[in-house]
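Let the hints inform the model, and build the full structure from the sequences given.
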Amino acid sequence: MLTQTPSTSTPAPVEDKSSRKGRIWRRVVAALLALSVLLLVGYTGVSFYIATQLQVGKRPPIYATPASLGLQYKDVTFPSRYDNLQIKGWFIPGILPNGQLTSQRTILLVHGIDNNRADPSAGLLNLSSDLAHHGFAVLAFDLRGNGESPAAPRSFGLYEQRDVLGAVDFLHSGALPYPELGRTHAIAAWGDSLGGATVIFAAANEPAIKAVVSDSSYADVLPRIERGVPAAGVPAMFTPGGLVVAQWLYGVDYYNIKPASVIASIAPRPILLIHGADDNKNHRTTPPADMYLLAAAALGAQNANVQTWMVPGATHIQAYHVEGQVYVDRIVAFYTAALGPDTSGS
Amino acid sequence: MSTHSIEETTAPTQQPVEAKGSALHGVLIGLIPLGLLAGVVLLAVIATAIARELTVSGGFYAQQEAALITLIIGLVLAVVVFAIACWRVLHLVGLWQKAGAAVQAAATLWALGFTALVIISPILLALLLPQHPAP
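Same order as they appear, the protein sequences are chains A and B. The numbering used here applies: residue 246 is where the first sequence begins, and numbers increase by one. The numbering used here applies: residue 946 is where the second sequence begins, and numbers increase by one.
Don't read these hints as lab results, they were simulated from the structure. These numbers were taken from a predicted model, which means no experiment stands behind them. One thing to keep in mind: the hints can contain errors.
Cross-link-like lysine-lysine pairs, in silico, PhoX-like; alpha carbons within 25 Å at most [stated by the list, open to error]: (1) A:LYS455 / A:LYS333; (2) A:LYS262 / B:LYS1043; (3) A:LYS303 / A:LYS526; (4) A:LYS266 / B:LYS1043; (5) A:LYS333 / A:LYS319; (6) A:LYS303 / A:LYS333.
Calculated Cβ distances over 10 Å to all of chain A for the following chain B residues [to be verified]: (7) GLY966; (8) ALA968; (9) LEU969; (10) LEU973; (11) LEU988; (12) ILE1029; (13) LEU1035; (14) VAL1048; (15) LEU1072.
Backbone N, C-alpha and C define an ideal beta-carbon position, used for all residues, glycine too.
What follows is the structure, given as structure tokens:
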């Protein structure tokens, strides 16, 4: 034993040093791997939170019906195009100067995010009443995920356009809310914010929509989300992860929701773009510049028919409240020029 | 693997070629955890899309629940598979180091280090990529 000890112990320090070095490197790499996985798990967790928050909206109650303004109306339910969600709404017939009801020209009224067909903040019931008293029937409905319509992923117009297309189908071939008034001959659309973007998407795909008024729409939803996430107190670095997880969970590609990329397809049908000059003062809504981006994109079509109206002093979706009768007169003139006069009373 | 490396030392003329082969082999072994992670995440995303489609008739909340559960289970599974794969590869590296296959062991460690960089790259990109500031 004693004579063997030097011969076996001589190489041992070299081997120990090398194996110790190897063990240190293995531990360094293992620590790097563990750290990177921990960071990624944490990042993914916050991304899940953002993705689900993007989908969960408020559902304020419908505070009043058209009857509160003395209007006749019928509750209607119709399936969205392609995915058959049962969309809830009101059909309000137009009123001619002689008091006769009409459904010859119908305006699809589309509300903004986290709201419903009566949206008091934008004054939708009053706007419906104004349009009805100018002889336009109004089909006001709750977009999917809002009001009394079924829950659905929020897609900032991409899927919501199916509800507008369903409304067109309903007017063309659904049960008549007022059989004595017959079918609608001409359809136009009005929408604000999310509704404004949604009617652009829908009109780009449906030629039966003869004219579009889009109030306070975004040109591209991504900047709005990228500004909105930090404004809600979550660091901006989590936004891309949230959008990727949202796409995995809900199939919604938020990088591709750009009304500006489809608006040129509406030509030669007329478009009226309205925006409040004081929009986005809280950095959470839509900058006025988006109206010009949309207009520029729409003018990309050779036969484009685009009007713009920047309303001074108006914040997000407040142009109707600020301008009042001027707003009504302007959109009534726009719709009348696009759809022609009502001939049912003649 | 260790036998192969030990043979290298007995054939000096073949050493550069065989060392290169060992390094490549070590890199490939080191990338196995990353490949498994990517594969399981991909499967989790596909399974989530299928779960979403299968629950369409149940409405949004059923769809959301199915998608969330499927994706979370898939991602947890991916992390577990990745951790086991990393542990086994590191164990193998230890054996190679003891057997004197230093080139192969070092190549594998470099590949694992690269794996850590790839895993953290989404966070680095999210930090570095420009986003739309508040106007």
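Each hint, compared with the structure:
{"no.": "1", "hint": "A:LYS455 / A:LYS333", "verdict": "holds (23 Å)"}
{"no.": "2", "hint": "A:LYS262 / B:LYS1043", "verdict": "holds (11 Å)"}
{"no.": "3", "hint": "A:LYS303 / A:LYS526", "verdict": "holds (22 Å)"}
{"no.": "4", "hint": "A:LYS266 / B:LYS1043", "verdict": "holds (11 Å)"}
{"no.": "5", "hint": "A:LYS333 / A:LYS319", "verdict": "holds (11 Å)"}
{"no.": "6", "hint": "A:LYS303 / A:LYS333", "verdict": "holds (17 Å)"}
{"no.": "7", "hint": "GLY966", "verdict": "holds (21 Å)"}
{"no.": "8", "hint": "ALA968", "verdict": "holds (16 Å)"}
{"no.": "9", "hint": "LEU969", "verdict": "holds (19 Å)"}
{"no.": "10", "hint": "LEU973", "verdict": "holds (16 Å)"}
{"no.": "11", "hint": "LEU988", "verdict": "holds (12 Å)"}
{"no.": "12", "hint": "ILE1029", "verdict": "holds (12 Å)"}
{"no.": "13", "hint": "LEU1035", "verdict": "violated (5 Å)"}
{"no.": "14", "hint": "VAL1048", "verdict": "holds (13 Å)"}
{"no.": "15", "hint": "LEU1072", "verdict": "violated (5 Å)"}
Hints 13, 15, counting from the list given before, are not met by this structure.
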